[in-house]
Amino acid sequence: MLFSNLSYPDINQQTEQTVIVLPLGAFEQHGPHMAVSTDTDIVTHIAKKAEAALPSQVMLCPTLPFGSSDHHLSFGGSISINPALYVEVIVDLVGSFLQNGFRRIVLLNGHGGNITPVRQALAILSKKYDRDLQPNIALVTYWELAGKPFAGEAPMESPALSHACEYETSMMLHLFPEKVDMEKAERAARPESNGYIPWEDDEPYRGVTLFKATAFISSNGSSGEPQKGTAEKGEHLVGKAVGALVGFLRDFATWKFLSC
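Under our numbering, read the sequence shown as residues 80 to 339, first letter to last.
Note that these hints are calculated values from the structure, not bench results.
For glycine and all other residues, C-beta sits at the position ideal for the given N, C-alpha and C.
Do not take every clue at face value.
What the hints assert, rightly or not - Keeping only pairs whose Cα atoms sit at most 20 angstroms apart, straight-line, the calculated SDA-like set for lysine to any residue is:
id: 1; residue 1: K307; residue 2: K335
id: 2; residue 1: K291; residue 2: K207
id: 3; residue 1: K291; residue 2: E95
id: 4; residue 1: K128; residue 2: F255
id: 5; residue 1: K319; residue 2: P234
id: 6; residue 1: K307; residue 2: G274
id: 7; residue 1: K128; residue 2: A310
id: 8; residue 1: K207; residue 2: A217
id: 9; residue 1: K258; residue 2: F145
id: 10; residue 1: K263; residue 2: K307
id: 11; residue 1: K206; residue 2: E167
id: 12; residue 1: K335; residue 2: P214
id: 13; residue 1: K335; residue 2: Q136
id: 14; residue 1: K335; residue 2: E95
id: 15; residue 1: K258; residue 2: Q136
As the list claims (entries may be wrong) - Pair by pair, the computed Cβ-Cβ distance ranges are:
id: 16; residue 1: A132; residue 2: S298; range: 39 to 47 angstroms
id: 17; residue 1: R198; residue 2: A294; range: 23 to 31 angstroms
id: 18; residue 1: F295; residue 2: R329; range: 40 to 48 angstroms
id: 19; residue 1: G180; residue 2: E271; range: 50 to 58 angstroms
id: 20; residue 1: G180; residue 2: S205; range: 15 to 23 angstroms
id: 21; residue 1: K227; residue 2: L289; range: 40 to 48 angstroms
id: 22; residue 1: A268; residue 2: R329; range: 38 to 46 angstroms
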């Protein structure tokens with residue numbers, strides 16, 4: 080079901096048994112070789128495929144196209160909601176779903192910069208609504224949900240999805256090749272490894288975080304190995320992401336509501 084195509088009486092009849100899904104995208108620079116719509120394009124496609132597989136269980140909202148992307152602004156070509164405001168936006172949107180009567184809510188994320196503010200929003204929503212409504216509100220980042228296919232498993236050649244990398248470039252070559260210029264795809268210069276901070280794929284995460292805007296850690300705005308992207312790899316990745324999401328949504332629809 081598509082939220083935007085229904086009347087309010089039709090929506091009201093579906094709230095108790097339906098999982099409502101809000102895709103979260105971004106409009107931001109994706110290196111010199113790829114369109115700024117990348118995150119929104121990919122997550123929207125994955126969401127639509129999942130809804131088509133589960134039309135009676137899932138109500139799909141229009142994608143929120145703008146994300147928390149302040150760290151990309153130095154390159155230009157980016158539209159951002161600052162992190163503190165993004166928290167408020169998510170709290171208000173989910174509050175609307177709850178007021179409509181939905182209790183199974185999935186925030187389907189397609190941009191790494193959204194993760195921290197959405198987690199903060201979930202903490203606020205839990206405090207505000209858990210005792211009275213006990214809703215299940217889940218943040219689902221598609222590449223984390225899919226796991227190994229996005230973490231170095233063949234046919235991928237680099238260790239993990241990052242930004243404007245082999246993974247995103249491959250998916251865009253598969254879905255929207257007209258938005259990719261592979262002649263401009265190249266590995267960015269990155270800071271020298273210090274043994275603790277994974278600027279790229281040089282170090283595993285060791286519990287140390289040092290936040291820097293992208294311009295400080297990438298010479299061209301991209302990450303990883305975008306020059307290794309192919310449409311065939313992208314088809315593989317998209318299929319794995321859709322399959323993982325469909326499986327999760329089937330399970331999520333059956334989760335019990337917790338109380339204390």
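Holds or violated: K335 with P214, Cα cutoff 20 angstroms? Measuring from Cα to Cα gives roughly 10 angstroms; hence the hint holds.
Compare the distance between the alpha carbons of K128 and F255 with 20 angstroms, and conclude whether the hinted pair is satisfied. holds, 15 angstroms
Restraint check for K128 with A310, where alpha carbons must lie at most 20 angstroms apart: It holds: about 18 angstroms lies between the C-alpha atoms, which stays within 20 angstroms.
Take the C-beta atom of A268 and the C-beta atom of R329, compute their distance, and say whether it sits inside 38 to 46 angstroms. This hint holds: roughly 44 angstroms between Cβ atoms.
Restraint status (C-alpha distance of K291 to K207 at most 20 angstroms): Between K291 and K207 the Cα gap is close to 32 angstroms, so the pair fails against 20 angstroms, i.e. violated.
Would you check the hint for K335 and E95, treating anything up to 20 angstroms between C-alpha atoms as holding? holds, 13 angstroms
Mind checking the alpha carbons of K307 and G274 for me, to see if they're no more than 20 angstroms apart? violated, 26 angstroms
Can the restraint linking K207 and A217 be considered satisfied, given a maximum Cα separation of 20 angstroms? holds, 15 angstroms
Could you grab the alpha-carbon distance between K335 and Q136 and see if it respects the 20 angstroms cut-off? holds, 16 angstroms
May I ask you to test the hint 40 to 48 angstroms on the CB atoms belonging to F295 and R329? holds, 42 angstroms
Agreement of K307 and K335 with the hint, judged by alpha carbon distance not exceeding 20 angstroms: Violated, at roughly 43 angstroms.
Can the suggested window of 15 to 23 angstroms be confirmed for the beta-carbon pair G180 and S205? holds, 19 angstroms
In this structure, the hints that do not hold are numbers 1, 2, 3, 6, 15 and 21, in rising order.
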